[in-house]
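Same order as they appear, the protein sequences are chains A, B, C, D, E, F, G and H.
According to the working numbering, the first sequence is numbered sequentially starting from 1.
According to the working numbering, the second sequence is numbered sequentially starting from 1001.
According to the working numbering, the third sequence is numbered sequentially starting from 2001.
According to the working numbering, the fourth sequence is numbered sequentially starting from 3001.
According to the working numbering, the fifth sequence is numbered sequentially starting from 4001.
According to the working numbering, the sixth sequence is numbered sequentially starting from 5001.
According to the working numbering, the seventh sequence is numbered sequentially starting from 6001.
According to the working numbering, the eighth sequence is numbered sequentially starting from 7001.
It is worth saying that the hints were derived from the structure and are not from the lab.
Mixed in with the good hints there might be a few duds.
What the hints assert, rightly or not - For the chain F half of the interface with chain H, some residues (derived, Cβ under 8 Å), not all of them:
{"hint": "1", "residue": "5003"}
{"hint": "2", "residue": "5013"}
{"hint": "3", "residue": "5017"}
{"hint": "4", "residue": "5047"}
{"hint": "5", "residue": "5174"}
{"hint": "6", "residue": "5193"}
Stated by the list, open to error - In silico DSS-like pairs for lysine-lysine, Cα to Cα no more than 25 Å straight-line:
{"hint": "7", "chain 1": "B", "residue 1": "1003", "chain 2": "C", "residue 2": "2003"}
{"hint": "8", "chain 1": "E", "residue 1": "4003", "chain 2": "D", "residue 2": "3127"}
{"hint": "9", "chain 1": "F", "residue 1": "5127", "chain 2": "G", "residue 2": "6003"}
{"hint": "10", "chain 1": "E", "residue 1": "4127", "chain 2": "D", "residue 2": "3003"}
{"hint": "11", "chain 1": "F", "residue 1": "5003", "chain 2": "F", "residue 2": "5215"}
{"hint": "12", "chain 1": "C", "residue 1": "2074", "chain 2": "B", "residue 2": "1003"}
{"hint": "13", "chain 1": "H", "residue 1": "7003", "chain 2": "A", "residue 2": "74"}
{"hint": "14", "chain 1": "H", "residue 1": "7003", "chain 2": "A", "residue 2": "127"}
{"hint": "15", "chain 1": "F", "residue 1": "5003", "chain 2": "F", "residue 2": "5127"}
{"hint": "16", "chain 1": "E", "residue 1": "4127", "chain 2": "D", "residue 2": "3127"}
Ideal Cβ positions, reconstructed from N, Cα and C, are used throughout, including at glycine.
8 protein chains.
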Amino acid sequence: LRKGAPEVIFAETKTGEQTIRMAQTLLAGTGRAIISRVPAETMTALQATFAEYETQVREAAHAMVIYQPGYVRKRSGGHVGVISAGTSDVPVADEAALLAEEMGCQVTRIYDVGVAGLHRLIEPLQKLLADGVDVLIVAAGMDGALPSVVAGLVPVPVIGLPTSVGYGIGGGGVAALLSMLQTCAPGLSVVNIDNGVGAGITAGLIANRVAQARKQH
Amino acid sequence: LRKGAPEVIFAETKTGEQTIRMAQTLLAGTGRAIISRVPAETMTALQATFAEYETQVREAAHAMVIYQPGYVRKRSGGHVGVISAGTSDVPVADEAALLAEEMGCQVTRIYDVGVAGLHRLIEPLQKLLADGVDVLIVAAGMDGALPSVVAGLVPVPVIGLPTSVGYGIGGGGVAALLSMLQTCAPGLSVVNIDNGVGAGITAGLIANRVAQARKQH
Amino acid sequence: LRKGAPEVIFAETKTGEQTIRMAQTLLAGTGRAIISRVPAETMTALQATFAEYETQVREAAHAMVIYQPGYVRKRSGGHVGVISAGTSDVPVADEAALLAEEMGCQVTRIYDVGVAGLHRLIEPLQKLLADGVDVLIVAAGMDGALPSVVAGLVPVPVIGLPTSVGYGIGGGGVAALLSMLQTCAPGLSVVNIDNGVGAGITAGLIANRVAQARKQH
Amino acid sequence: LRKGAPEVIFAETKTGEQTIRMAQTLLAGTGRAIISRVPAETMTALQATFAEYETQVREAAHAMVIYQPGYVRKRSGGHVGVISAGTSDVPVADEAALLAEEMGCQVTRIYDVGVAGLHRLIEPLQKLLADGVDVLIVAAGMDGALPSVVAGLVPVPVIGLPTSVGYGIGGGGVAALLSMLQTCAPGLSVVNIDNGVGAGITAGLIANRVAQARKQH
Amino acid sequence: LRKGAPEVIFAETKTGEQTIRMAQTLLAGTGRAIISRVPAETMTALQATFAEYETQVREAAHAMVIYQPGYVRKRSGGHVGVISAGTSDVPVADEAALLAEEMGCQVTRIYDVGVAGLHRLIEPLQKLLADGVDVLIVAAGMDGALPSVVAGLVPVPVIGLPTSVGYGIGGGGVAALLSMLQTCAPGLSVVNIDNGVGAGITAGLIANRVAQARKQH
Amino acid sequence: LRKGAPEVIFAETKTGEQTIRMAQTLLAGTGRAIISRVPAETMTALQATFAEYETQVREAAHAMVIYQPGYVRKRSGGHVGVISAGTSDVPVADEAALLAEEMGCQVTRIYDVGVAGLHRLIEPLQKLLADGVDVLIVAAGMDGALPSVVAGLVPVPVIGLPTSVGYGIGGGGVAALLSMLQTCAPGLSVVNIDNGVGAGITAGLIANRVAQARKQH
Amino acid sequence: LRKGAPEVIFAETKTGEQTIRMAQTLLAGTGRAIISRVPAETMTALQATFAEYETQVREAAHAMVIYQPGYVRKRSGGHVGVISAGTSDVPVADEAALLAEEMGCQVTRIYDVGVAGLHRLIEPLQKLLADGVDVLIVAAGMDGALPSVVAGLVPVPVIGLPTSVGYGIGGGGVAALLSMLQTCAPGLSVVNIDNGVGAGITAGLIANRVAQARKQH
Amino acid sequence: LRKGAPEVIFAETKTGEQTIRMAQTLLAGTGRAIISRVPAETMTALQATFAEYETQVREAAHAMVIYQPGYVRKRSGGHVGVISAGTSDVPVADEAALLAEEMGCQVTRIYDVGVAGLHRLIEPLQKLLADGVDVLIVAAGMDGALPSVVAGLVPVPVIGLPTSVGYGIGGGGVAALLSMLQTCAPGLSVVNIDNGVGAGITAGLIANRVAQARKQH
Ligand SMILES: Nc1ncnc2c1ncn2[C@@H]1O[C@H](COP(=O)(O)O)[C@@H](O)[C@H]1O
Ligand SMILES: Nc1ncnc2c1ncn2[C@@H]1O[C@H](COP(=O)(O)O)[C@@H](O)[C@H]1O
Ligand SMILES: Nc1ncnc2c1ncn2[C@@H]1O[C@H](COP(=O)(O)O)[C@@H](O)[C@H]1O
Ligand SMILES: Nc1ncnc2c1ncn2[C@@H]1O[C@H](COP(=O)(O)O)[C@@H](O)[C@H]1O
Ligand SMILES: [Mg+2]
Ligand SMILES: [Mg+2]
Ligand SMILES: [Mg+2]
Ligand SMILES: [Mg+2]
Ligand SMILES: [Mg+2]
Ligand SMILES: [Mg+2]
Ligand SMILES: [Mg+2]
Ligand SMILES: [Mg+2]
């Protein structure tokens, strides 16, 4: 697989046994297995099977990482910011954050900026930029307006992460995705609805490339 | 027809003759004919036919109003604000403004707020509110984010007016409309894409009702 | 948040704990927490947690309001009419009514006008207008024809509230929404499918603005 | 072909030569050729080719009928009513009327009922029913509400004929069609957008069957 | 309601109590209550409440009819044929048949013609036509081809009844509906997906009108 | 490119110069250039440029083939049948036929089977099968029913070729495509709307494979 | 039914009893019943009813075949390759493989080629072609890219089999299907999402036709 | 506007006068005006108006840049690769390349990789990576498969740029966009169909950030 991007097991459409077998293969190969969208039953089976391993579970995101004993995650020096518009977007934002972390990045979260909170966003955003963040992920559902607003304010690349929050027409993340694709803030790129894995890996690739440049020179 | 809302001739799908005949009927009845989405040929025919009448043409909006000689438009005392996100939204915003004016409202325009212009918007918006505007129309295409942003800032009703600006998926006003319907700023109502007539009449009905209350008490 | 519009907690995509925490914050701030689309489990948890508070539950609408002891809801003087086409639209109509009430408005309901009931509607509608209603909400699913019919009859602003009633193509409220957006009765504005909160707040903003004008003069 | 339904040449996607050849075949076989959606060029070619024949042209509908000299259209005794909501729906309504006429039916038209005209409709509708009309076709674009309203009032079968009038989302007849399919007035059946031919033949089949029963007994 | 079409209670989006109350009103008024799409729980409640009444339940269709003791269904003399393409379409076809029966029609069923059964259809169809059937309902899911094929063969009106059978793109009845609306057999009209009630009432209106003509002359 | 399938220049979205340059490259390489969807201007330019070459033009299909002087098309021994439902489908059917011919196949056409022509189809179809046809392409627009009907009758593979004929909902070939994908006749595979090239090459691959087996044994 | 294609009972929308009855009919007629998309309950009922029969169950595919005692499946000599992009596509690929086997074909599987596995594919693919495979089925969800890539490499016909794997916009197999229909590798034909039965029968028809040619010559 | 991203005038929905006025403002402010999607008439007007200025026109992309005399574009040190799948994608790819160049990046183009050209791609791609390219843009229409394939091969971030090439269902870039959003190669982000401006600016932001890191260290 492409150097620098970890393989992720998508557990939702697999049986528990298939996921376990794949996790074993990844652990044998790279010392780590990242598993996303884990059904409750598969989660239980994984925890039983890998009881001896170091694991971390992101409950909201239904994600799990299993580490071979002694596995050490390298620090890449990259810095990713993850912003969520609402509380309901946190599971997806967390999935993105997890992936960036597993790629060695420092991840700073600014969650639940809220419908009335643009002003609440300004200060932590300025601090983040001052801290030299390399790339931002902005998760939002419903109208999906926040990524466009943020992209209009910052000098770093922004990845729009639409979430399946919202009902009625354009619900389930469709309006959010379309709105991001139609952004008036050129320079925003997007991933699919609820695709925290894709957003996290894209951000990780960008941040790590910048970090590498910082180191090499 | 419902008291307070003018009848409008939708000329796009009519022959020039049909439109002229309908305009004559309206002029005979109410002393005024408002005609929207006038094809170029019909516009020429109308101007020839009603050369003796007072007329006004909104070129960008392809709209025309014809007045019986001596027609006096009553001032209702209502006050409507019309905001456009971009230059491309002006034709639709103008159609809305025209309708509110023909309903007797004072109309204040804030056009081309621009993608980088939220700050440019704050001051004129505050002035508008200080002037006691009764209702706002906010026209936007592409991501349709502006009406939500405005609705989150002001204490008056806001009508979202999506415009058919934008290409690709969600283009032609679809993303703008869906995004407004999915707004995180509860209290925003919308009309269909490019429906300046509908937005103008809705705003006129609201503003005139408030104005009436002002007068009666 | 925009002055005059209450903040509403959307409980559907939140854990019970998240909703409770947010309710506590709102109660501390404004003395009241309005919560919509409450899942059954969260409802139970809320009732247990806030057993000491005054509460009201709209069962059909799955909505709840919690009041700080001693909280007094101010009467704004605004008057909102809520009409539902059918019995199945009542939950959504009720959510809208609740919001308008919580904004201080008097709310008059005309429910289940029925497919054969246009004539049954005329009389109560005339009474409502005679009583000086400021704005109407009309909830309808399936063909969504009622809001257009009503908007063609009354001199006050009408807000179309499509409901997710109906199956087959255009079902789940889609035909109702599209039909309202395509209305032949200019002057009808709409909110998204099942968005009683949005309709109620929009109506409340309009009615309260009129009421304020009545008072000030 | 099915007994009682005339064959119709759909000229839109054919070359002029193909249409002429097919018309000649039909004339040779049945003494009559009905041609719909005739492009301007093909119309000219047809008129030149069949200059010696009796013809009728429905200009608005872009339809033409050519009769073998001496052709006599039989009166079936069936009676079809064709109602159009607006002026813009007339071309499609006319196409439907033409087909019913060519099937031998008496056709009564009530056109341009208008957005404010439900009351204007009641009287001619009552007269039509008193005259013993067998079936109604109701053509409408935009919100497509009229067929549902009519179907709720009359004891005869109603065929909804959506027209491609209207812009924005649900435009081009989509909202009209969906709204008719979602009708609250059970007993309304529909044909596709702008399919005047289909509506006319369906109505003709129904009316002629009733007429036949009248005669036979 | 329109004379000749029975009112039907749509139970799917109502509580058991609402349905029972409505059934009681209908029974008091017309001596009969027809209830469609009855959820299992509501079915049980209805059977308990109306244990003393004569009832009939169409299990596959989830429909129920309750009769006031002594209720006598009048024979109208109309004759409706109901054809189903497959076994999976039977519930919807049965709902249509029920409605036509309750309107007094004789109903003849030809079910499960099958993918290989066009030839199996010819004979019973010819018998049906010989028996003087007035109108046909043809139910089909998936590709929805059967109604077009039948409409091309018979001289009576045909109502296409798409069913929500089929998966993948165009599944859930969408391809079937679109295919019927795009029929090459002009003279086919349609109702919405799974709308057996609508098809049955439309057919009943047509058949009863023909029957009435037979009687009157 | 895949052995056995010719490269085709898709001229619609290219400038005349680009197409000419590509044709020259193909001629130099394989002695033949097949060009599809040729705009009128490009067609003229091609004919001027390659005036010295042997060419064939399929006018309806807007397709052209240019042969290096002395080019000899090999006979593969494969046999492909191309059926078109209507006259309007001929251009697309012709494109498919051209491709199969250029792959060396014998092609038999059965065009304009017609809406009333299933019986007219049976005889030529039986002859085709008796002649040992290897595979059938069936082109149809509107309801797209013909490929399913044919596939239910014959023992050879059938390729459904939807054409963009038809207006209203499901028009432009959408209903035809969906209906073919939802076929009740398992064993039908499809290509995209108007994709005569794809259908022709697929059929050519199948027929030539069979022909090869015939030869080798 | 068409010679060479077995009838398959689609059990998903049938009751257990209906499926059992149909299986008995098929067993009586052809000695074999193939049943697809069997719900868990129906599976149990089938196993109980046909305990005395030889059966095979494809668990992942929820498919079952029942054989009359002594039934002998004929070897056709056809050879079908079935490739799956991922693990999640296996159930659908298995359904396709089952059908080809029941048509007498030899079936070779290459499963879980994987996102990083194009190179892993080359070798087994070359072996398959060397073994004289007649046709390939390629199952893929999400982006559906694999069938296009394979079709660009091999000289045999390829059938694209989109699977309902993937979430967000274009999920559930829609992007996969559209992508296959838009393939840049002309000569790829497709069946509907998850339609393993259709893909298997199509492949079987092709392979058996080639095999027949091999035998006859 | 956000530091580092140039403002671009979208000329398609503007009058020539509006575009000229905006260009003058930008020239006065930044010394440069970038104008995209310039209609032919506006292009002529711009060239006449700014005859004295240095300009560059990208004909295929319908884009123009006007420079204040003496304007010097700074070299950022960033390096962007732009790959196009086909010839038809070149206009959009060129628009992206232009934007990256105007942001100071070195841009390397690899155009028309072609349907049969994956192997032709490998070598130039390896050279590009060896040259230290920071980010890749991959433009593709139709099936949109190329960006996924490239993203699976390279260690740098990839931006998918769908183009509106392709007809039939999923045409106009829809299948390409959906396929990129459903990519099996995590780490690919996308912009809207034909949005070369967005892709170019996103790539420029990434490359310039890396370049800045290279310089600073
Ligand atoms: N400022 C904002 N801009 C865009 N979306 C927002 C904003 N605030 C909240 N949302 C969205 O509203 C939905 C509900 O938010 P919450 O109630 O916090 O879970 C989430 O999908 C958020 O993405
Ligand atoms: N009463 C009505 N009900 C439904 N649609 C209407 C009504 N009146 C007008 N329309 C529609 O409004 C559109 C424009 O009407 P007109 O201006 O008369 O052509 C047409 O598509 C009509 O179908
Ligand atoms: N001859 C046919 N024409 C159209 N649809 C059919 C035909 N035969 C079966 N079907 C459809 O195939 C689906 C499954 O049929 P069955 O397996 O009998 O339940 C149903 O939705 C039927 O409508
Ligand atoms: N290898 C490829 N992968 C994806 N799309 C391709 C490929 N080659 C050509 N195309 C697409 O095929 C279409 C026509 O290509 P061309 O004829 O070169 O313009 C363009 O939209 C290309 O994107
Ligand atoms: Mg929040
Ligand atoms: Mg602007
Ligand atoms: Mg009711
Ligand atoms: Mg009118
Ligand atoms: Mg069956
Ligand atoms: Mg024909
Ligand atoms: Mg895999
Ligand atoms: Mg190329």
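For each hint, the structure was consulted:
Among the interface hints, the one on residue 5003 of chain F is violated; its C-beta lies about 11 Å from the nearest C-beta in chain H, farther than the 8 Å criterion. Proximity of residue 5013 of chain F to chain H holds as hinted, the smallest CB-CB distance being about 4 Å (cut-off 8 Å). Taking 8 Å as the C-beta cut-off, the interface hint given for residue 5017 of chain F is violated, the closest approach to chain H being about 11 Å. With a least beta-carbon distance of about 21 Å to chain H, the hint placing residue 5047 of chain F at the interface is violated under the 8 Å criterion.
Checking residue 5174 of chain F against chain H: minimum C-beta separation of about 6 Å stays under 8 Å; hint holds. With a cut of 8 Å, the hint placing residue 5193 of chain F at the interface with chain H holds, because the nearest CB-to-CB distance is about 4 Å. This hinted pair does not check out: residue 1003 of chain B and residue 2003 of chain C have alpha carbons roughly 31 Å apart, beyond 25 Å. Of the pairs offered as hints, the one joining residue 4003 of chain E and residue 3127 of chain D holds, with about 17 Å between alpha carbons and a cut-off of 25 Å not exceeded.
For the hint pairing residue 5127 of chain F with residue 6003 of chain G, the CA-to-CA distance comes to about 17 Å; that is within 25 Å, so the pair holds. Simply put, residue 4127 of chain E and residue 3003 of chain D have alpha-carbon atoms about 17 Å apart, close enough for the 25 Å limit, and the pair holds. Proposed proximity of residue 5003 of chain F and residue 5215 of chain F is supported: the alpha carbons are some 18 Å apart, at most 25 Å. Taking the CA atoms of residue 2074 of chain C and residue 1003 of chain B, the gap is near 32 Å; set against the 25 Å cutoff, the hint is violated.
This hinted pair does not check out: residue 7003 of chain H and residue 74 of chain A have alpha carbons roughly 32 Å apart, beyond 25 Å. At most 25 Å may separate the alpha-carbon atoms for a hinted pair to count; residue 7003 of chain H and residue 127 of chain A meet this at roughly 17 Å. With a CA separation close to 32 Å, the supplied pair residue 5003 of chain F and residue 5127 of chain F exceeds the 25 Å bound. For the given pair, residue 4127 of chain E sits about 39 Å from residue 3127 of chain D by alpha-carbon distance, which is inconsistent with the 25 Å threshold.
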